[in-house]
Amino acid sequence: MTSQLCPGKMAGPAARSWAGGPVNPFKGQREAAIRWTLRICALISVVGLFLMVAFLLRESLPAWREAGFTNLFAADWNPGRGKYGILIFLVGTMAVSAGGLMLGAPLALATAIYLHAYARPAWRRVIGKGLEVLAGIPSIILGWLGFTTLVPLVRSLAGGTGMGILPASMVLAVMILPTVATIARDSLDAVPESFAEASFSMGATRWQTLRRVIIPTAWPGIAVAMILGLGRALGETMAVAMVIGPATAFPRNLTTPTHTLTTKIMLEMGESTGVHRSSLFAMALVLLALSTLLILLVRLLSRKAVQEFPGGVLTC
Amino acid sequence: MPCEADEEEVRGVKVSREALLEVMEGESDLPPDDEMEGEKDLAQGNKMELSGLSLSYGGKKVLEDISMPIPARSITAVIGPSGCGKSSLLRCLNRMNELVDGARVEGKVYLDGEDVYAPGFDVVGLRRRVGMVFQKPNPFPKSVYENVAYGPRLYGVRQKKVLDRIVEESLRRAALWDEVKDKLGSSALALSGGQQQRLCIARVLAVQPEVILLDEPCSALDPISTQRIEDLLHELKEMYTIVIVTHNMQQAARVSDFTAFITIEEQGSPGRLVEFGETEEVFTNPRKKKTEDYITGRFG
Amino acid sequence: MADRAAGLFFKAAAAVSLAVLAFIIGIILVKGLGTAVRPSFLFGRPQAMKEGGGIGPMFFSSLYLTLLTTLMVVPLGVGAALYLAEFSRDGRLVRLVRWGTESLSSISSVVFGIFGMIFFVIYMRLGYSLLAGALTLTLMNLPTVMRVTEESIRAIPWSYREASLSLGASRWETARRVVLPAALPGITTGAVLTMGRIMGESAALVYTVGIFVRKPPLSPLQPAAPMAANIWHLYTEGALIPDWMRVASGEAAALLVMVLLLNLGAGALAGAIRKKMGILH
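Chains as they are written, first to last, in numbering that gives the first Met the number 0: chain A, 0 to 315; chain B, 0 to 299; chain C, 0 to 280.
Calculated directly from the structure, the hints in this document are not laboratory data.
Just so you know, these numbers come straight off a predicted model, no measurement behind them.
Be aware that a few hints might be false.
[Unchecked claim] To be clear about the criterion: a stretch of chain B counts as covered by chain C if any three or more of its residues have a C-beta under 8 Å from a C-beta of chain C, and this derived list gives those stretches:
# : stretch
1 : 137 to 147
2 : 197 to 203
[What the hints assert, rightly or not] As a list, the in silico DSS-like pairs of lysine-lysine whose alpha-carbon atoms are at most 25 Å apart:
#  : chain 1 : residue 1 : chain 2 : residue 2
3  : B       : K180      : C       : K274
4  : B       : K141      : B       : K160
5  : B       : K135      : B       : K160
6  : C       : K274      : B       : K135
7  : B       : K180      : B       : K135
8  : C       : K49       : C       : K214
9  : A       : K128      : C       : K275
10 : B       : K141      : C       : K274
11 : B       : K289      : B       : K60
12 : B       : K159      : C       : K275
13 : A       : K128      : C       : K274
14 : C       : K275      : B       : K180
15 : B       : K182      : C       : K214
16 : B       : K60       : B       : K107
17 : B       : K182      : B       : K135
18 : B       : K141      : B       : K159
19 : B       : K159      : B       : K182
20 : B       : K182      : B       : K141
21 : B       : K160      : B       : K182
22 : C       : K274      : B       : K182
23 : B       : K135      : B       : K159
24 : B       : K107      : B       : K160
25 : C       : K275      : B       : K135
26 : A       : K128      : C       : K10
27 : B       : K60       : B       : K287
28 : C       : K275      : B       : K141
29 : B       : K141      : B       : K180
For every residue, glycine included, the Cβ atom is placed at its ideal position computed from N, Cα and C.
Sequences and hints are given; from them, build the entire structure.
Here is the structure:
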């Protein structure tokens, strides 16, 4: 059935002109060299991360060794007398981040819901672009704005210096607004259209559909949005530093100066030595641990979401 | 051998093409026939040959024990129900299936008597000699000119004059020159679907392949564009060995000299070759019952 | 009724978000633009003890640092993304790289800053310099450039690669001649947005580049003072300058305008490239 049909020899290659040149014999080697170059580019981020952790560990070693774990996590900070407790700053970081999230997340979620369910395409584009621009505004500018407008306002309303957890939370709320709003919008958008249609077809209003079907379905994505917002707040330095005080003391209320981990590092790194300096690196490690924890949480959530609903959101 | 019947058909289609062109443009501009006449007398034979070819993707067999010749300077059509692996078969011929993770080929594919799956065989060189046109037209997001010049540039052609000549000649052979000669610099994505597919053919012609594989090249096109491509294939087979995969049996009957029929026993089983022969024979007097059932539409 | 109320509530929330943005941009520009647009300010010499100083060296530092960092981070990030998207199969190495990139992107900029100080400034003996800052910012922005590039590379239809490979191109030839050009609009957007982030960065630069200089830096090994870092200097030590509030406001406005130009220009630039390439979407 095969060769009887067309007997005779195989036809020779056709005459060729321009394409007939020899294939570059070094092509394989060149290809391998390029592959290795690109692989090295890809590995730079990993190498950088390891270097970072290694150098932070090395620099913070004196603090762990000489001050010790209990001293480091105490509430007493007085490097002149060998007290290196970072609890005040840890509490400050937690307080401003939580405050920022409490003020910023509701606004961000409401904006995301508007963009997902109510906005006409033109407004969706305008506000989406606006959120992008907001995300791009340098934190030093937000800090400066907070220092020149927010702090005097708080001072006139609450007295004192006008600095503290309240203005810091307000600045952070603005910073995390675009992060939370865009990610939450994307996870709302990822809910299949058919869910909403099914709900509408049973006579549900738009709000009922949102509340009972779409928001619960998109919930893991919304949670991820808030965690990432929290991560951004934890690490923020300049915007907080310009409105929080600073003062090395637990805040008595929302409008008394205090410190966070980042602001302490920023303000004292330049003028510290020895164990004092080393303890600032220990603070950086604590920050690193906090953000790693958040990343693990995000991973856990998204893995769960993928497992239960391959479309990218989780049905509750 | 493709004999008189086919010549008749060639002429028949050419006549209809001229008529069509007259209707569309008021005149026809066929490439000079004598350009291709000279090569016609070359010895016919098997340009490629498949021997016991099996293909599996990640352990799942897609094709089993396919043996067939691919006669030189003629058109071989591969037909069969969807999912029978005919497109996969085509991709075995230029080793494009290697881009799929977990693809495994057994058996042999000969090109001019050389096994293309032999260790050390130059894949890049193979793809130069065995060009491919895909189901959906896939021009690059570049100008018409750059699309055609892409292959020659890869092979180190840099002189503008040479490139110009290659581009013009390839576009002429693909029967596209007249339509695009005034917009060589504009984006290929602005062309119509049929023009894009002919551009893709021109792009393949520009690397001077010996074999051209076409994977359902007309499935995304309208009837008029389809007709133009079929006419084009008739002209091209004077110089090239052509293999076309199609689900359209009328198309297979119209354009091909040889036909291979591949089918599967049931969903999920590998595709096997049922029959290979001259198109005339396969369609009018099939040797196998299965072929007859498929062709007359009484299949599964 | 509840439905109407909910709709109004969400609409109001979106309005507030937009108002916050307008308020920020408005106040910064109202307070500082008048100062910022004066050539004697934007290109003028800074003063340490008396009034009337400009921000010439800071403006120059910002441009210099942004350019230097972009020249490092974009090629590295595009190379890494190309590896992930075109040259690798999902294996251990790829998982490691993704994990590293993700972790890196979550780290606070002040932590990058002090790492840059101990590693680039002290350990590598670069001193406070543009180069030390640029290297720090390269590491910091690498994840973003990689992510944006990989997304735009993955968005390219598989058929382009197929066509190129079937014409006998190698993987690299396909990447260089087809994939990268087609991904160019996306990569450009990412690169310009990254430039905006670099220009606005301050916390990572205070201890790597410097916060105050009198003359524009010429060599990348000289210390510099980008505008964002200099605003911090004015805030902490500026009281020595009688008109420090005016200088800081003007500098903030100049910085904001530059960042806005980059952010808004990114999309326009990508659109222009798309149009030139004839991509119709």
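Worksheet entry | In rising order, the numbers of the hints this structure does not comply with | 5, 15, 23 and 24
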